Amino acid sequence: MTTKIKITINEKQIEVAEGSSIVDAAVCAGVIIPTLCFHKDLCVAGNCRVCVVEIAGQKRLSAACATPCEEGMEILTNSLKVRNARKQIIELLLSEHNADCTLCYKNGNCELQKLASDYKIMTQDFIQLAPLRKYQIDHYSPSMIKDDSKCIRCQRCVRTCAEIQGVSALTAAYKGDRMKIATFFEKPMNDVVCTNCGQCINHCPTGALVERNYIEEVWDALANKDKFVIVQTAPAVRVGLGEELGFEPGTRVTGKMVAALKRLGFDAVMDTDFSADLTIMEEGSELLMRLKKVLVDHDPNVKLPLATSCSPAWIKYIEHMYPDYLDHLSTCKSPQQMFGALVKTYYAKHFNLNPENIVSVSIMPCTAKKFEANRPEMHDSGYRDVDYVLTTRELAIMIKQAGIDFLKLDDRSFDQIMGASTGAGVIFGATGGVMEAALRTAYELVTGREVPFENLNIMPVRGMEGVREASILIENPLPDWSFLEGIELKCAVAHGLVNVKSLMDSIVSGESQYHFIEIMACPGGCLGGGGQPIPTNPEIRRKRALAIYAEDQGMPLRKSHQNPEILKIYSEFLTEPLGEVSHHLLHTHYTPRERF
Amino acid sequence: MVAVLELIDNLAGQYGRDRSSLLPILQGVVKQENYLSEYAMIEIARALNLPAAEVYGTATFYSFLEYKKMGKYLIRICKTITCSMKGKNQVLMAIEDMLKIKVGETTPDGMFSLLQTNCLGFCHMAPAMLINFDVYTDLTPEKVREILSGYLNKKGGADDTRI
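Protein chains in written order, with the numbering used here: chain F, 5 to 600; chain D, 60 to 222.
No lab work stands behind these hints, which were simulated from the structure alone. A hint or two may mislead.
Pairs of lysine-lysine, BS3-like flavour, derived with a Cα cap of 27 Å [as the list claims (entries may be wrong)]:
no.	chain 1	residue 1	chain 2	residue 2
1	D	Lys128	D	Lys159
2	D	Lys161	F	Lys179
3	F	Lys138	D	Lys128
4	F	Lys138	F	Lys184
5	D	Lys127	D	Lys161
6	F	Lys191	F	Lys231
7	F	Lys296	F	Lys307
8	F	Lys266	F	Lys231
9	F	Lys572	F	Lys547
10	D	Lys213	F	Lys179
11	F	Lys184	F	Lys91
12	D	Lys127	D	Lys90
13	D	Lys138	F	Lys184
14	F	Lys353	F	Lys231
15	D	Lys90	F	Lys138
16	F	Lys353	D	Lys161
17	D	Lys90	F	Lys191
18	F	Lys297	F	Lys10
19	F	Lys229	F	Lys124
20	F	Lys184	D	Lys161
21	D	Lys138	F	Lys138
22	D	Lys161	F	Lys138
23	D	Lys127	F	Lys191
24	D	Lys128	F	Lys179
25	F	Lys44	F	Lys16
26	D	Lys128	F	Lys184
27	F	Lys179	D	Lys202
28	D	Lys159	F	Lys191
29	D	Lys127	F	Lys179
30	D	Lys127	F	Lys184
If we take Cβ atoms under 10 Å as the criterion, some of the chain F residues that face chain D in the derived model are [unchecked claim]:
no.	residue
31	Val162
32	Ala166
33	Ala176
34	Ala186
Rough simulated footprint, nothing fancy, chain F against chain D, three-plus residues with beta-carbon under 8 Å [unchecked claim]:
no.	stretch
35	115-126
36	167-176
All figures in this text were calculated on a predicted structure; none of them were measured in a lab. For glycine and all other residues, C-beta sits at the position ideal for the given N, C-alpha and C.
Next comes chain D alone, as it looks inside the complex (with noise of 0.2 Å):
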């Protein structure tokens, strides 16, 4: 981990400063940090020379790029509608009920942040979801269950299954 400030640096240096490096430094950003915060967009408009709304306007348009703050791991569970028949909402209630947060919410220890994603293109192993880069698949509340107790159960560990 390196300061966001420095983070940027390094991207720009990789990418380049041109206004095409924009999507790129936002995900690398994004990728250490999980989301951008209002200091990360000033800075990177600072590196590219860019307005600060524009940065701000393609930061909201991507919807994998969080510009609210989120927790270590970012469930994404799949809305559309395959998912949903095939029992999304109660694997939803179930991660609902398991965390004590709804959708668009983080726990309060900042652990796990919850919201829903559009098609991930799992339709034929669906319901889908996504922690960080994770996919999981064929979910039922069971699992669900499994898995989120697999990551409760390394909080605080120094282990991060992000890639």
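So here's chain F without its partners, still in its complex pose (with noise of 0.2 Å):
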């Protein structure tokens, strides 16, 4: 048991656990003080000051975030003292800060903003420097958009990229007032290690980091007569859209969400879910074709563990960091691009629509999507696969734009022939969500009979932990699968990516051996991504795990191999996993970057 300490707040007596900070400590006591650099999934950095409180005894003031409870603390946060120094950093930040809030795309969610409405910021007593300084703004992404005129220098992104993601493509460089985040030797986001995870645009409390959006070419699709406009959407964009739109974190908006979408105009709306059941009776065959070439033929070429490849950031972050471990990677494109590809090919057909005309959208928990999208692989029905991929919160300003009223949108469900799903596609918006139901489908495949965990659910997998491992043992496979009989099955799953580069040193190293990994760059997977609706936190996170799961519970099939569509596109198309039409629409090849 954590020891209690006695400490006063604003003249009202509390007891805390030691070593709890003022910030926290203030919640108890029923008071909220106001944080800027300071967040939950980061370490302490106290830059901003905007917390600074006044301790009885003490001349200065110190920040609340970085100062931890002492016994007999007393402390002020509203005093005289107090509010004229929060209310003079605030004017600080801002003279330095391009406060055009009108033109900025953060406007009416950002973090500065709210500070200066609540503080009454009415007058400019510093010079404003933001003009002064020669900005130039990174726009060469096809991901995201870095404006330091916006960016206050409190690195919440510097430490997200180091602490959450280990990748640390930004950095503090130089020093004093010409201290500024920058990517190596300054070059575009776009020419660095940067995953494109979108992390620190969901960290970021201004403008200066935010997705690069493609709403008003979305509209424009919606408007022309002549285009047939596709949207699809992913597992996780359905619990968390709601928060965007007046719901609680958690809330699953389903139907809803497909109500929107219809509203909006799209011609078809469809669900990358069924991509994802696609996804593992294609990935679940490659790792069944895996065990067997290594176990039965012992081909040196074939590589253990295969790696899941789902997630764009990830992809681009092995690019960089482990180019020689390529191989490991599954060739399926992720659930996005499978459904680019069948949309202009397959859809266009079963419908006799000319491609050329059909505008492929998606709608992602992910900005890391968006250069995916646009890499040069992904244009193997002919056309530029996915056209246009939207962030969720690029979806609920769309939804607001359109005066939808959100909350009282009827539900209503996804159209055929891309649109059903089963509880396996869900959970792909989990972390370890793609590893439970590959063995849902792979053991039952394999043996015939359901995966020996209770309602299907694989509890191993699931979790928040960073890194989890899971085994199963394999016991009277079919007469096919005989090469597996006794063979226990090692598995592990990873997310965000200081967790992965751990996973994947042990092994490089050799220290670990598996059959099988998982892997999403994201904390918590695409759930917690990287275009999910802001804020976003551990308990945030929690909420929306819990409502992917219930939505699992909730859907009548819950293997991937059961969705009759995937039934119906392998007998009218596909003919089988891993075929000849699969490997040319459904599977890609990886490219090695520079590490910087």
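With the hints in hand, could you dock these two chains into one complex?
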């Protein structure tokens, strides 16, 4: 048990755990101390000074986020001295910030703007520095935009990139008044090790880092009568979108989301969960094929563990950091890109549409998907497979722009022939979900029996631990798979690239040996993706995960190979997993990249 | 002179491959190369298993770690107040006039670069400047012309005054 200490906040005595910061303690006293550089996902920086408080007996004000409580401490969070200092600090921050709020993408969801509004900063007593500095906007990435004129140098992005992702594409460069957030040699974000995961965007308190949005492009496509606009929605969007539109975190809004997309004017609203199920068919088959080649044929060119390839930020990460291990990646495209390739081939053929007139849009919890859709490899349909990728946040903006009263929408269902899904497809949105879905199908394929877990819930791969392991013993397989008899299939799951790094290092060193690993770049998996509603924190991600698993539990079908539309596409179009058509449309290759 | 890659490897062998070895390695490379190239920083990052951006962040933080190509002789003239009061501007003008470069520039032959620096701690002998690691004090326009002539005369010679 932790020791309790007594402190006083604004003359109210409270008991708090020893070691808790003044910011946390204040919450217990019913006091909210404003913060800016502080974030629950990150280490304490204490550089913005917005959270200053007065401590009795101390001459100088202290940063509440960086000061631990001590026995008998008397803290004032709203004294005259604190109020004056806080207001000056906010004014100073604004003096080096391009505060053209009405022209800013983050207008309305900016923490600095909120502080300026809460504290009614209505004067500019300091020299405005932003116009004096020749800032350049980095908009070369298809995923994100970095605008230093809006940066307040709180370094949340630097800490995010280092602590959550272990990538450190961003750093604090130079010093003093010239200090800025920079990439290696201030190259564009698109030219460095940045994985486009968007976690920095999720954590940026201002508009310095935002996604590159394609809202107008999609409105234009919707307004064009000659275009047939198809939309797919990723599994994690349905458990995040509600947060932007008046629901509590963890609310499932699948039916309302479909209804809203139809109202926006999309000609067909379909589900990435369908192609998630398809991914399982392909990737599960690939796993079994690789196991056979390694265990039976002893083929030295076939690599294990097989690593999942759904997360485009993970793909870019391994291309930069472990280029020698690209052969471990599944050749399966991500569900988004499988869907894209099929929309302009299978779907177009089925409904007799000219693929030239199809605009394929995807709604993703992810900014890296924008980069992925832009990759030169992703044109296998003969066209660009996915034309525009919108984040959950961009969809929410479109719904608001269209004046749709989201709360009052009636539930609608996805369209055919790529709209049906199973619970296995839904859980792709949570860390461990792809693993669980793959095991549900692969185990059954090999043994003819369901996975030996209660209610199909493979609990060891669920949760928020950075790296999790599971193993399944294969007994009495069907005759075709007799070589797997007695094999203990070893799996690992990692999310957040900093955890991925430790898993990869243990594989590289030979310390760990797995057959199959699932990697998601973002904390919590896609549900904590860089395109999801802001704010994010461990509590919100936990609620979204619960919603994902509830969605799975509520589905009549929970194994990918039971999806009727999957059975249909194999019988009518693809013939078999890893077949020739699949190989052409659903599989891809990867490119080694530099490590800066 | 050894190739940069070999130099980095030697330095890493000497100082170790921990994060804390970054500064001495950066200094060691600057000592030979006069600046840190993009290539050198990438290789240092690889040798220490650090993110390249972090190496760049560290290099740009320190004034004496140059990250742009510099001339063989790097002149740093003190820009702080005592030197200014004792005639640093006249000295600077004399250098600019003689070498035909401005602060921040390098002569076309790659021999001299001119920079300003913060206090060198020679206020009592102001104005002061550094050429590579040699200090020159009590400067006047005449004196600085003489000093630079010395460097110009040995230009092309094998000898190197750097410590």
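Structure-based check of each hint:
A C-alpha spacing of about 18 Å is found between D/Lys128 and D/Lys159, which places the hinted pair at or below 27 Å, so the restraint holds. Among the hinted pairs, D/Lys161 with F/Lys179 is consistent with the structure: their alpha-carbon atoms are about 23 Å apart, no more than 27 Å. For a cut-off of 27 Å, the pair hint linking F/Lys138 to D/Lys128 stands: about 23 Å separates their Cα positions. For the given pair, F/Lys138 sits about 13 Å from F/Lys184 by alpha-carbon distance, which is consistent with the 27 Å threshold.
A C-alpha spacing of about 16 Å is found between D/Lys127 and D/Lys161, which places the hinted pair at or below 27 Å, so the restraint holds. With a CA separation close to 38 Å, the supplied pair F/Lys191 and F/Lys231 exceeds the 27 Å bound. Restraint check for F/Lys296 and F/Lys307: satisfied, since their Cα atoms lie roughly 11 Å apart, inside the 27 Å limit. At roughly 15 Å between alpha-carbon atoms, F/Lys266 and F/Lys231 fall within 27 Å of each other, so this suggested pair holds.
Pair hint F/Lys572 plus F/Lys547 does not hold up; C-alpha atoms about 35 Å apart against a cutoff of 27 Å. With a C-alpha separation of about 37 Å, the suggested pairing of D/Lys213 with F/Lys179 is violated against the 27 Å cut-off. Of the pairs offered as hints, the one joining F/Lys184 and F/Lys91 holds, with about 24 Å between alpha carbons and a cut-off of 27 Å not exceeded. Between the alpha carbons of D/Lys127 and D/Lys90 the distance comes to roughly 14 Å, so the proposed pair stays at or under 27 Å and holds.
Restraint check: the Cα-Cα separation between D/Lys138 and F/Lys184 comes to about 23 Å, which is no more than 27 Å; the hinted pair holds. Restraint check: the Cα-Cα separation between F/Lys353 and F/Lys231 comes to about 16 Å, which is no more than 27 Å; the hinted pair holds. At most 27 Å may separate the alpha-carbon atoms for a hinted pair to count; D/Lys90 and F/Lys138 exceed this at roughly 33 Å. Distance hint between F/Lys353 and D/Lys161 is unfulfilled; the C-alpha atoms sit about 68 Å from each other, more than 27 Å.
Proximity of D/Lys90 to F/Lys191 is assessed by CA-CA distance (about 26 Å); at most 27 Å being required, the pair is judged to hold. Simply put, F/Lys297 and F/Lys10 have alpha-carbon atoms about 65 Å apart, too far for the 27 Å limit, and the pair is violated. As the CA atoms of F/Lys229 and F/Lys124 are separated by approximately 47 Å, the hinted pair breaks the 27 Å bound. In summary, the hint linking F/Lys184 to D/Lys161 is supported, as the alpha carbons are separated by about 26 Å, within the 27 Å threshold.
This hinted pair checks out: D/Lys138 and F/Lys138 have alpha carbons roughly 24 Å apart, not beyond 27 Å. A C-alpha spacing of about 21 Å is found between D/Lys161 and F/Lys138, which places the hinted pair at or below 27 Å, so the restraint holds. With a CA separation close to 15 Å, the supplied pair D/Lys127 and F/Lys191 stays within the 27 Å bound. Distance hint between D/Lys128 and F/Lys179 is fulfilled; the C-alpha atoms sit about 20 Å from each other, no more than 27 Å.
Straight-line distance between C-alpha atoms of F/Lys44 and F/Lys16 comes to about 25 Å, which keeps the hinted pair within the 27 Å bound. A threshold of 27 Å between alpha carbons decides the hint, and for D/Lys128 with F/Lys184 the separation of about 22 Å falls inside it, so the pair holds. Simply put, F/Lys179 and D/Lys202 have alpha-carbon atoms about 34 Å apart, too far for the 27 Å limit, and the pair is violated. Straight-line distance between C-alpha atoms of D/Lys159 and F/Lys191 comes to about 31 Å, which puts the hinted pair past the 27 Å bound.
Proposed proximity of D/Lys127 and F/Lys179 is supported: the alpha carbons are some 17 Å apart, at most 27 Å. A distance of roughly 18 Å separates the Cα atoms of D/Lys127 and F/Lys184; the hinted pair therefore holds under the 27 Å criterion. Among the interface hints, the one on F/Val162 holds; its C-beta lies about 9 Å from the nearest C-beta in chain D, closer than the 10 Å criterion. Annotation: F/Ala166 was flagged as interfacial toward chain D, and the flag holds, the nearest CB pair being 8 Å apart, inside 10 Å.
With a cut of 10 Å, the hint placing F/Ala176 at the interface with chain D holds, because the nearest CB-to-CB distance is about 6 Å. About 7 Å separates the beta-carbon of F/Ala186 from the nearest beta-carbon of chain D, less than 10 Å, and the hint is met. Counting residues of the stretch 115-126 of chain D whose CB lies closer than 8 Å to any CB of chain F gives 5, so the stated coverage by that chain holds, three being the minimum. Proximity of the stretch 167-176 of chain D to chain F, defined as three or more residues with a beta carbon under 8 Å from a beta carbon of that chain, is not established by the 0 residues found.
In this structure, the hints that do not hold are numbers 6, 9, 10, 15, 16, 18, 19, 27, 28 and 36, in rising order.
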